[in-house]
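Participant: With the sequences and hints as input, model every part of the structure.
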Amino acid sequence: MTNDQMEAWEKIGSVSDRAKFLLSIGVTAELETDEPNLEFRACVGDVRLPITGATKLTAIERGTTWLQEKASENEEEKK
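In this text, residue positions in the sequence shown follow numbering that gives the first Met the number 0: the first is 0, and each later residue adds one.
Rather than coming from a laboratory, the hints here were simulated on the basis of the structure. Warning: the hint list may mix true and false statements.
[Unchecked claim] In silico lysine-lysine, DSSO-like type, Cα no more than 30 Å apart, as pairs: (1) Lys69 to Lys10; (2) Lys19 to Lys69; (3) Lys55 to Lys19; (4) Lys55 to Lys69.
Facilitator: Below you can see the structure in the form of structure tokens.
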């Protein structure tokens with residue numbers, strides 16, 4: 000994330016709006032070195048998501064799905 004993106008991220012209040020913002024940037028994955036198993040952690044810039052996967056692609060797909068669910072939570076409550 001750029002400094003401007005990080006500043007914008009910090010100003011967003013709701014979980015669903017934060018998730019939408021992160022989705023607009025895009026999910027990546029990095030090797031999780033703190034875990035005993037070699038897994039990849041989904042992340043967006045410096046924001047580490049609570050999602051892992053055995054492969055980089057799996058972590059990205061799971062992280063994207065998780066963010067999409069979080070982004071739609073407020074919309075479902077409004078219905």
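Participant: State for each hint whether it applies.
Facilitator: Hints versus structure:
1. Between Lys69 and Lys10 the CA atoms are separated by roughly 18 Å; this keeps the pair inside 30 Å, and the hint holds.
2. Restraint check for Lys19 and Lys69: the C-alpha separation of about 8 Å stays at or below 30 Å, so the hint holds.
3. Our distance criterion of 30 Å between C-alpha atoms is met by Lys55 and Lys19, whose separation comes to about 21 Å.
4. Between Lys55 and Lys69 the alpha-carbon distance is near 21 Å, which keeps this suggested pair within the 30 Å criterion.
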